[in-house]
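Protein chains in written order, with full-length UniProt numbering: chain Z, 1 to 330; chain C, 1 to 330; chain R, 1 to 205; chain E, 1 to 205.
Heads up, none of these hints are tricks.
Below, simulated BS3-like cross-link-like pairs (lysine-lysine); rule was C-alpha separation at most 27 Å, straight line:
no.: 1; chain 1: Z; residue 1: Lys201; chain 2: R; residue 2: Lys45
no.: 2; chain 1: R; residue 1: Lys159; chain 2: R; residue 2: Lys4
no.: 3; chain 1: Z; residue 1: Lys254; chain 2: C; residue 2: Lys27
no.: 4; chain 1: C; residue 1: Lys311; chain 2: C; residue 2: Lys330
no.: 5; chain 1: C; residue 1: Lys201; chain 2: E; residue 2: Lys20
no.: 6; chain 1: C; residue 1: Lys254; chain 2: Z; residue 2: Lys27
no.: 7; chain 1: R; residue 1: Lys49; chain 2: Z; residue 2: Lys30
no.: 8; chain 1: C; residue 1: Lys330; chain 2: Z; residue 2: Lys290
no.: 9; chain 1: Z; residue 1: Lys251; chain 2: Z; residue 2: Lys290
no.: 10; chain 1: Z; residue 1: Lys24; chain 2: C; residue 2: Lys330
no.: 11; chain 1: Z; residue 1: Lys40; chain 2: Z; residue 2: Lys30
no.: 12; chain 1: C; residue 1: Lys251; chain 2: Z; residue 2: Lys24
no.: 13; chain 1: R; residue 1: Lys63; chain 2: Z; residue 2: Lys92
no.: 14; chain 1: Z; residue 1: Lys290; chain 2: C; residue 2: Lys40
no.: 15; chain 1: R; residue 1: Lys90; chain 2: R; residue 2: Lys115
no.: 16; chain 1: C; residue 1: Lys254; chain 2: Z; residue 2: Lys30
no.: 17; chain 1: R; residue 1: Lys172; chain 2: R; residue 2: Lys115
no.: 18; chain 1: C; residue 1: Lys230; chain 2: R; residue 2: Lys20
Just so you know, these hints were derived from the structure itself, not from any lab. Just so it is clear, the structure is predicted and the values come from calculations on it, not from any experiment.
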Amino acid sequence: MNKKLINNPDDVVSELIEGLVLAKSDKLDKLADYNVVVRKDAPVEKVALVSGGGSGHEPAHAGYVGPGMLDAAVAGDVFTSPTPDAIFEAIKAVDSGKGVLLVIKNYTGDVMNFEMAAELAEAEGIEVEQVIVNDDVAVEDSLYTTGRRGVAGTVFVHKIAGAKAAAGADLKEVKRTAEKVIANVRSKGVAINPCRLPSAKESTFKLAEDEIEMGIGIHGEPGTERTKIKSVDQIVSELLSDIIADLPFTKDDKVALMVNGMGGTPLMELYIATRKAINFLTEQEIDVAKTYTGEFMTSLEMEGLSLTLLKLDNDLTELLNAETEINLFK
Amino acid sequence: MNKKLINNPDDVVSELIEGLVLAKSDKLDKLADYNVVVRKDAPVEKVALVSGGGSGHEPAHAGYVGPGMLDAAVAGDVFTSPTPDAIFEAIKAVDSGKGVLLVIKNYTGDVMNFEMAAELAEAEGIEVEQVIVNDDVAVEDSLYTTGRRGVAGTVFVHKIAGAKAAAGADLKEVKRTAEKVIANVRSKGVAINPCRLPSAKESTFKLAEDEIEMGIGIHGEPGTERTKIKSVDQIVSELLSDIIADLPFTKDDKVALMVNGMGGTPLMELYIATRKAINFLTEQEIDVAKTYTGEFMTSLEMEGLSLTLLKLDNDLTELLNAETEINLFK
Amino acid sequence: MTNKLKNAFLKTADVLVENKDYLTELDSAIGDGDHGINMARGFTKLAEKLSNNSYNSNSELFKTVAMTLISSVGGASGPLYGTAFLNISKVITDQKAELDNLIAIGEEAVAGVQKRGRAEAGEKTMLDTLIPAVDSLKESHQQGLDMQTALVNCQAAAKLGMKNTIEMQATKGRASYLGERSIGHQDPGATSSYLIIKTFIDQFA
Amino acid sequence: MTNKLKNAFLKTADVLVENKDYLTELDSAIGDGDHGINMARGFTKLAEKLSNNSYNSNSELFKTVAMTLISSVGGASGPLYGTAFLNISKVITDQKAELDNLIAIGEEAVAGVQKRGRAEAGEKTMLDTLIPAVDSLKESHQQGLDMQTALVNCQAAAKLGMKNTIEMQATKGRASYLGERSIGHQDPGATSSYLIIKTFIDQFA
Ligand SMILES: Nc1ncnc2c1ncn2[C@@H]1O[C@H](COP(=O)(O)OP(=O)(O)O)[C@@H](O)[C@H]1O
Ligand SMILES: Nc1ncnc2c1ncn2[C@@H]1O[C@H](COP(=O)(O)OP(=O)(O)O)[C@@H](O)[C@H]1O
Ligand SMILES: [Mg+2]
Ligand SMILES: [Mg+2]
Ligand SMILES: [Mg+2]
Ligand SMILES: [Mg+2]
Numbered sequence: 001m002n003k004k005l006i007n008n009p010d011d012v013v014s015e016l017i018e019g020l021v022l023a024k025s026d027k028l029d030k031l032a033d034y035n036v037v038v039r040k041d042a043p044v045e046k047v048a049l050v051s052g053g054g055s056g057h058e059p060a061h062a063g064y065v066g067p068g069m070l071d072a073a074v075a076g077d078v079f080t081s082p083t084p085d086a087i088f089e090a091i092k093a094v095d096s097g098k099g100v101l102l103v104i105k106n107y108t109g110d111v112m113n114f115e116m117a118a119e120l121a122e123a124e125g126i127e128v129e130q131v132i133v134n135d136d137v138a139v140e141d142s143l144y145t146t147g148r149r150g151v152a153g154t155v156f157v158h159k160i161a162g163a164k165a166a167a168g169a170d171l172k173e174v175k176r177t178a179e180k181v182i183a184n185v186r187s188k189g190v191a192i193n194p195c196r197l198p199s200a201k202e203s204t205f206k207l208a209e210d211e212i213e214m215g216i217g218i219h220g221e222p223g224t225e226r227t228k229i230k231s232v233d234q235i236v237s238e239l240l241s242d243i244i245a246d247l248p249f250t251k252d253d254k255v256a257l258m259v260n261g262m263g264g265t266p267l268m269e270l271y272i273a274t275r276k277a278i279n280f281l282t283e284q285e286i287d288v289a290k291t292y293t294g295e296f297m298t299s300l301e302m303e304g305l306s307l308t309l310l311k312l313d314n315d316l317t318e319l320l321n322a323e324t325e326i327n328l329f330k
Numbered sequence: 001m002n003k004k005l006i007n008n009p010d011d012v013v014s015e016l017i018e019g020l021v022l023a024k025s026d027k028l029d030k031l032a033d034y035n036v037v038v039r040k041d042a043p044v045e046k047v048a049l050v051s052g053g054g055s056g057h058e059p060a061h062a063g064y065v066g067p068g069m070l071d072a073a074v075a076g077d078v079f080t081s082p083t084p085d086a087i088f089e090a091i092k093a094v095d096s097g098k099g100v101l102l103v104i105k106n107y108t109g110d111v112m113n114f115e116m117a118a119e120l121a122e123a124e125g126i127e128v129e130q131v132i133v134n135d136d137v138a139v140e141d142s143l144y145t146t147g148r149r150g151v152a153g154t155v156f157v158h159k160i161a162g163a164k165a166a167a168g169a170d171l172k173e174v175k176r177t178a179e180k181v182i183a184n185v186r187s188k189g190v191a192i193n194p195c196r197l198p199s200a201k202e203s204t205f206k207l208a209e210d211e212i213e214m215g216i217g218i219h220g221e222p223g224t225e226r227t228k229i230k231s232v233d234q235i236v237s238e239l240l241s242d243i244i245a246d247l248p249f250t251k252d253d254k255v256a257l258m259v260n261g262m263g264g265t266p267l268m269e270l271y272i273a274t275r276k277a278i279n280f281l282t283e284q285e286i287d288v289a290k291t292y293t294g295e296f297m298t299s300l301e302m303e304g305l306s307l308t309l310l311k312l313d314n315d316l317t318e319l320l321n322a323e324t325e326i327n328l329f330k
Numbered sequence: 001m002t003n004k005l006k007n008a009f010l011k012t013a014d015v016l017v018e019n020k021d022y023l024t025e026l027d028s029a030i031g032d033g034d035h036g037i038n039m040a041r042g043f044t045k046l047a048e049k050l051s052n053n054s055y056n057s058n059s060e061l062f063k064t065v066a067m068t069l070i071s072s073v074g075g076a077s078g079p080l081y082g083t084a085f086l087n088i089s090k091v092i093t094d095q096k097a098e099l100d101n102l103i104a105i106g107e108e109a110v111a112g113v114q115k116r117g118r119a120e121a122g123e124k125t126m127l128d129t130l131i132p133a134v135d136s137l138k139e140s141h142q143q144g145l146d147m148q149t150a151l152v153n154c155q156a157a158a159k160l161g162m163k164n165t166i167e168m169q170a171t172k173g174r175a176s177y178l179g180e181r182s183i184g185h186q187d188p189g190a191t192s193s194y195l196i197i198k199t200f201i202d203q204f205a
Numbered sequence: 001m002t003n004k005l006k007n008a009f010l011k012t013a014d015v016l017v018e019n020k021d022y023l024t025e026l027d028s029a030i031g032d033g034d035h036g037i038n039m040a041r042g043f044t045k046l047a048e049k050l051s052n053n054s055y056n057s058n059s060e061l062f063k064t065v066a067m068t069l070i071s072s073v074g075g076a077s078g079p080l081y082g083t084a085f086l087n088i089s090k091v092i093t094d095q096k097a098e099l100d101n102l103i104a105i106g107e108e109a110v111a112g113v114q115k116r117g118r119a120e121a122g123e124k125t126m127l128d129t130l131i132p133a134v135d136s137l138k139e140s141h142q143q144g145l146d147m148q149t150a151l152v153n154c155q156a157a158a159k160l161g162m163k164n165t166i167e168m169q170a171t172k173g174r175a176s177y178l179g180e181r182s183i184g185h186q187d188p189g190a191t192s193s194y195l196i197i198k199t200f201i202d203q204f205a
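Okay, chain Z solo, but in the shape it has when bound:
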């Protein structure tokens, strides 16, 4: 049972949300009785973006609430989708009459809870659209299954659709932009040490002293392959090969790269991984236009990283570089 810097395990979500909002009390509000973070100036006269999901992925999603990205984030319990009532409250708090786009990671629970919230909102006459992010190439894609998981690529959707909404686009356009990001973003991750839910006694999975797991999810879901530990250069090459082959990304493509820490990974290691990722892509003659290295979509204290590539055109590049107040993702 690994140690944690927390109080009562039952209170982690409400306390983290409180901490986040207290630290930015000039910019953020928490809805009373709900773990929902909204822009203080909400509703803003534009299409609103609402995202959320289980907690444990900090800074996702509440850390992305602010001008240029999200209008509200709904935090469920740790690794558990938020409930429809909380999502519905978030939608009501940010809708300015121009409609709301829900950005959902592709997990059955998230999809169902957001869907129920959308039904409630529509019943009250709020225009709601949704997009489902499914960027994890570790999961086989199939029409007959749940499909792929939504992971770190989701943050690119927040940024780019957020910029589109900030620019005054209507709900359909913002949705189309979000879908374009989803069509062009791919991720894959690795874990070298597991995480433990605050209220569980044991970590969700175990890895031996010399074992790593490729293709891991962001909730401690098992990955695709357990192997002996390798050099990070080797790991990065394998992850990128799978990502590149999937879309596929090809020679002369322009991409944004994200090197995402899983929560317990020191920045030193993320920078070392960044070095290999850029060198690898450059060798493939893929042009890395922008690089994000840090913690964007974590999995509690799990040690590991994920790599994300987003294929850019002029339109996406401009929106990615558009002004935002979110320093975490500039």
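Model the placement of chains C, R and E with the ligands on the given structure of chain Z, informed by the hints.
Showing chains C, R and E with the ligands alone in chain Z's frame:
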């Protein structure tokens, strides 16, 4: 022996510096043959700021190189001061003729190596001044010893002295500003899990499954007290009590607060600690004007956190809020 | 009757809280390790709610159960159980239960889960407990068995359904990400469904 | 002679690399656990450098040693050993060493460490090996002992000095942060100093 996402332990520093510079190749340069990161546009016509120290504290210090903060950062081996020749090269690369301020954390090795570099620079006619940061209240202060360690408070010196230099102040003024920050900044940390040097077989220290260590340094140096694990609220209260009593910070003081993760601590826990820190200070009627939560001065993959308070006046507030391109510390 | 049903829910809450670690363990193997936590959280909330209120009809009781679970379980199981109980609230009456209206109730529950989750039998989900349970009731009805025997058979069918999930490959829910490697593990949702059915039948049989 | 000294440095490099883990372990207890790594890195660099070059004078050799250590050891020990060897390079000649010029060399080395580190005897540092070693040479000189005996006594004095650091409380360097809790541990720098002195004397005695 805990796993790491690295290649050869001997290469971690050069590879992390390479990764950092590749990711921001439009803004940063690495000096050939040295693990020194400089602004691409150096030397800039202003007083230059050079800092550095052992590696393993990422994003410190190379992550703070850029307009509004440092002109150069010198990276030593892991937890080991850089050598005078590397520091000297950094000084030469960024001096515009207006002089260079060295920001040194108070460790014997750092002080001696920077001092030797300053001697070399002065011999070449470069005007050099230095300040020594010693913000760690966990260490007893005494004229007859080495004094206190420099820890996370150093980043406030980078930001505020960096802003002063950017505003066109001369070397003496920039130094005076840096000294004012040092006089008003205090920190203390806690570790719940240790770190291991990449080339060592064992972690630098050990903690039992239910043990934590208060007053820990940023190099795995032993702290002041080993205790059973407590709630984070309790830990934060104790750390803040020691910090407040030291300066002392008093009722109606205006402060900047930093909640710094040690490398392996998930953001969830840092946000929960932030909540308590702000509530605690508010109860003491200390006004928290600005809060920084994240990883600013880490210690490899150590799990734990440090708290830093900086007492602000109008002058420091303005410089703290001045424009910088360093998103990590806006 | 409403009171007896309320007590059955309180008893179910106890059972799910007792099985919190077990369900979480099952979910750790093929999911994200929170199913026990989710169910315990939701049913603890529900027990609080039910203890502090009284209900005039079965329909009112089931509606409260549904809304409470929907707003407190979260994850996949929250909307699924919530919709199931919401559907039941629409058909349940206050008359003494006969086998035929028990079947109608079961069918509504299954329909709710299927509407929400778009899964079929054999996809390694709670449906693989629920569908065999309802089918068993139907069979008992056709065979003209008495209520008591029907309930015992139903419990056994639910248990078998749950066990059968071990050999299935998941194609819905989080376990589907594992593909073939989901085989060999019992589905957590199928297990909580069995525990709910078992506890209810134990109260009434 | 220069060649013999060069070989002594090469031998010292071997000894320090062999003792890398031991020195690191000592430094883990009261410092930051890198002393062995620092010394091994610096002396490996030095061995490379010396192997690939030849030196015309002892002074040139010691200057190279100093500059190489300064630019590769880092930490506290780098500038301290570097300055010590740099000081030696200023006084060493190519004449056969006699006890009196050995003493002068030792005093210069100590002066270098003290100039850089501003420490005194008894502060639990490398000086607690170096000062007793030089003092021992002086005593042997006063007593008119021969070189051989003087070196043997010097080695013993260095060892005793090193051991005495166990009971000292550190007031300089990283161990000083520990205050009283630094007592009971042998100083890593005092240990590396002993290993250097011992290796040199073993080569010449
Ligand atoms: N589409 C679906 N239809 C029916 N049941 C499902 C579906 N998806 C998941 N489930 C059930 O939900 C259970 C998992 O619930 P839980 O762990 O609480 O939620 P989550 O998967 O969001 O963490 C699975 O074991 C499975 O029985
Ligand atoms: N001021 C000083 N004077 C003399 N020796 C010192 C001084 N400070 C430190 N030392 C020596 O340096 C050793 C530590 O060296 P090392 O671990 O390589 O550097 P660091 O302390 O920077 O990690 C100590 O054990 C001590 O002997
Ligand atoms: Mg879940
Ligand atoms: Mg060191
Ligand atoms: Mg689950
Ligand atoms: Mg050391």
